[in-house]
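K.L.:
Each chain is listed here by its residues.
Protein chains: 2
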Amino acid sequence: MLKLYTYFRSSAAYRVRIGLQLKGLAYESVPVHLARDGGEHLRDDYRAINPGALVPCLSDGTITISQSLAILEYLEERWPPRPLLPTDAAGRARVRALAMIVACDIHPLNNLRVLRYLTTELDASENSVNNWYRHWVEQGLGTVEAHLAREAQTGEFCHGDTPGLADCGLIPQVFNARRFNVDLTPYPTIRRISDRCAELPEFAAAHPGRQPDAE
Amino acid sequence: MLKLYTYFRSSAAYRVRIGLQLKGLAYESVPVHLARDGGEHLRDDYRAINPGALVPCLSDGTITISQSLAILEYLEERWPPRPLLPTDAAGRARVRALAMIVACDIHPLNNLRVLRYLTTELDASENSVNNWYRHWVEQGLGTVEAHLAREAQTGEFCHGDTPGLADCGLIPQVFNARRFNVDLTPYPTIRRISDRCAELPEFAAAHPGRQPDAE
Chain X
892 MLKLYTYFRS SAAYRVRIGL QLKGLAYESV PVHLARDGGE HLRDDYRAIN PGALVPCLSD
952 GTITISQSLA ILEYLEERWP PRPLLPTDAA GRARVRALAM IVACDIHPLN NLRVLRYLTT
1012 ELDASENSVN NWYRHWVEQG LGTVEAHLAR EAQTGEFCHG DTPGLADCGL IPQVFNARRF
1072 NVDLTPYPTI RRISDRCAEL PEFAAAHPGR QPDAE
Chain P
892 MLKLYTYFRS SAAYRVRIGL QLKGLAYESV PVHLARDGGE HLRDDYRAIN PGALVPCLSD
952 GTITISQSLA ILEYLEERWP PRPLLPTDAA GRARVRALAM IVACDIHPLN NLRVLRYLTT
1012 ELDASENSVN NWYRHWVEQG LGTVEAHLAR EAQTGEFCHG DTPGLADCGL IPQVFNARRF
1072 NVDLTPYPTI RRISDRCAEL PEFAAAHPGR QPDAE
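Those protein sequence lines, which keep their order, are chains X and P. Be aware that the first sequence starts at 892, since it is given in the working numbering, and climbs by one per residue. Be aware that the second sequence starts at 892, since it is given in the working numbering, and climbs by one per residue.
Among these hints, one or two may not hold up.
[As the list claims (entries may be wrong)] Cβ pair distances, simulated, as ranges:
#1 P:954 / X:1092: 27 to 37 Å
#2 X:1069 / P:1003: 45 to 55 Å
#3 X:894 / P:970: 29 to 39 Å
#4 X:971 / P:1042: 21 to 31 Å
#5 P:1016 / X:1092: 45 to 55 Å
#6 X:1100 / P:1047: 18 to 28 Å
#7 X:1012 / P:1070: 35 to 45 Å
#8 X:1052 / P:1070: 40 to 50 Å
#9 X:1079 / P:934: 33 to 43 Å
#10 P:1018 / X:1046: 47 to 57 Å
#11 X:972 / P:929: 42 to 52 Å
#12 P:1042 / X:972: 22 to 32 Å
#13 X:894 / P:1042: 17 to 27 Å
[Unchecked claim] Below, computed lysine to any residue pairings styled on SDA-like, alpha-carbon distance capped at 20 Å:
#14 P:894 / X:982
#15 P:914 / X:980
#16 X:894 / X:916
By construction, these hints were calculated from the structure, which means they are not laboratory data. The beta-carbon is built from N, C-alpha and C at its ideal position, and this holds for glycine as well.
Isolated chain X (complex conformation) (with noise of 0.2 Å):
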C-alpha cells in the first residue's frame, strides 16, 4: 500500500493528501511530527528515509519519492484515471505554473524552519514575522486571482469544472492564509474556488483538522 509521511498542517503534506483523495487511492498515513521532541522529521530515522528532512514523502514498495509535486505528478502516471491534469500541452503548463506559483514562490517562504530563522537568527519580532508571513502570501495569491480572473480556462475549479493540481496547490494556501489572518478579500476568483472545493468530500478528507495526527 501507498504509505505517506505527513503532518496534518504541512501544506505541502496537505497537496497530496487532495490529489491522493481526488483519484481515490487508498494509503496508509505515517504521522512525522515536526514540532515534537525538536522535530521528529530531523531524527537520522526520518532521513534515511528523506535526506531533505521535509514532509511529504511518498513510499511505494521499494521507491521513496520527495516534494509534493514531484508526488502528485507520480500519482497522475501511474494512476492515468480521474486525472489532475488537463490532456493539453497548454492547459497542463498552465495548470503546473499555478500550482508552481504557490509551491515556489509563496510556501518555501512562509515554512516553519524559514519563520524559525527569522526569529532565531535575524532577532525578528512577532510581528515582522507576522508582516512578512503576510507579504508573500499577498504577493502570490494576487498573480494567483490574476491568472484566474483573466483566464478562459477558469472554471468551477482553477482549470475547468474539474477539480486538479492547481486547486492541490491553492487550497492548502488558502488554508494557511486563514490561519495567519490574512485578509482574502482581494481575491474573489480564489475565495469562489475554494468554496467550491469545500463541498468535495475529497478535499475535506485531506484537510488538516481530518488527519489521524490532528491536535
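Starting from the known structure of chain X, arrange chain P on it as the hints suggest.
P.N.:
Relative to the frame of chain X, chain P by itself:
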C-alpha cells in the same frame, strides 16, 4: 518562434535556457532587466504578459507560460526528442524531485526580491543576508548531494549518463553558490556533475555570461 523573457543572471531563466539548448530549440531572447529603472519586470507592459512579474516566461504563439519547471515540462511534451525526463515513472519522479529541491527549497529563499526584503524591511546587515543565503544553499545542496551520492541512478549526470531536467536545476544553483562564495567542498558529486556539464556546449550557451544582456 519561441520567445523567452529572460534576465542573464536569473537562475530560473538559466534553467530554461539550458533546457532549450539541450532540446536544440531555437528561440528569441527578450531581456527583462530586474535591476534597471526600478525593475523592468514590474512595469505594466510586462505584467500584462506575466502577472507574476517574474522571469522567465515563455511565449509560444498565443500561449504564455510562467514558472521555469512548468516551461521545461511544456518543452518536453511539445518536443519529445532529446528528452529531459527518463521514461519510467520512478525515474521521472526522482528527476523532478531533484529539480524541485533547488526550485522550491533553495532558490525561492535567495531570490533578489527576498534579499531586498531582508535588507529594507528587516534591517538585516549585509553579513546577515550573506549568512541567510549560504544557510539555505548549504541545506539544499546537502540534500541534493545526499540523494546523488547514495542513489544508484546517478551517473555522469544527475540521472544516468544523459543531461536532463535535474541538471537544468542544479547547474544554475551551483553558479549562484559560487557567486556567493559558498564552499562546495562538502558536495563532491555535485562538483563532478557540474564539471561534466561545463564540458557541453549546451550548458555553455545557456551561461549568464553568454547572454545578450550580460553585463
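K.L.:
I want to verify a distance hint. Is the separation of the beta carbons of residue 894 of chain X and residue 1042 of chain P within 17 to 27 Å?
P.N.:
Once the Cβ atoms are compared, 19 Å apart, the range 17 to 27 Å for residue 1042 of chain P and residue 894 of chain X holds.
K.L.:
Could you see if the CB distance from residue 1042 of chain P to residue 972 of chain X stays within 22 to 32 Å?
P.N.:
30 Å, holds
K.L.:
State, for the Cβ atoms of residue 971 of chain X and residue 1042 of chain P, whether the hinted interval 21 to 31 Å holds or is violated.
P.N.:
Check passed, 26 Å falls within 21 to 31 Å.
K.L.:
Look at the Cβ atoms of residue 1012 of chain X and residue 1070 of chain P and judge whether their distance stays inside 35 to 45 Å.
P.N.:
22 Å, violated
K.L.:
Can the suggested window of 47 to 57 Å be confirmed for the beta-carbon pair residue 1018 of chain P and residue 1046 of chain X?
P.N.:
50 Å Cβ-Cβ, so the 47 to 57 Å window holds.
K.L.:
Does 42 to 52 Å hold as the CB distance between residue 972 of chain X and residue 929 of chain P, or does it fail?
P.N.:
49 Å, holds
K.L.:
Please check whether residue 1079 of chain X and residue 934 of chain P have a Cβ separation lying inside 33 to 43 Å.
P.N.:
26 Å, violated
K.L.:
Quick one, are residue 914 of chain P and residue 980 of chain X close enough, alpha carbons at most 20 Å?
P.N.:
Distance ~17 Å between residue 914 of chain P and residue 980 of chain X Cα, so the pair holds.
K.L.:
Is the distance from the Cβ of residue 894 of chain X to the Cβ of residue 970 of chain P consistent with 29 to 39 Å?
P.N.:
For residue 970 of chain P against residue 894 of chain X, whose Cβ atoms are near 36 Å apart, the range 29 to 39 Å holds.
K.L.:
Measuring from beta carbon to beta carbon, are residue 1016 of chain P and residue 1092 of chain X in 45 to 55 Å?
P.N.:
51 Å, holds
K.L.:
Regarding residue 1100 of chain X and residue 1047 of chain P, is the given constraint of 18 to 28 Å on their beta-carbon distance met?
P.N.:
48 Å, violated
K.L.:
Residue 894 of chain P and residue 982 of chain X: Cα distance at most 20 Å?
P.N.:
Given pair residue 894 of chain P, residue 982 of chain X holds - Cα atoms ~19 Å apart, limit 20 Å.
Taken one by one, the earlier hints fail for this structure at numbers 2, 6, 7, 9, listed in ascending order.
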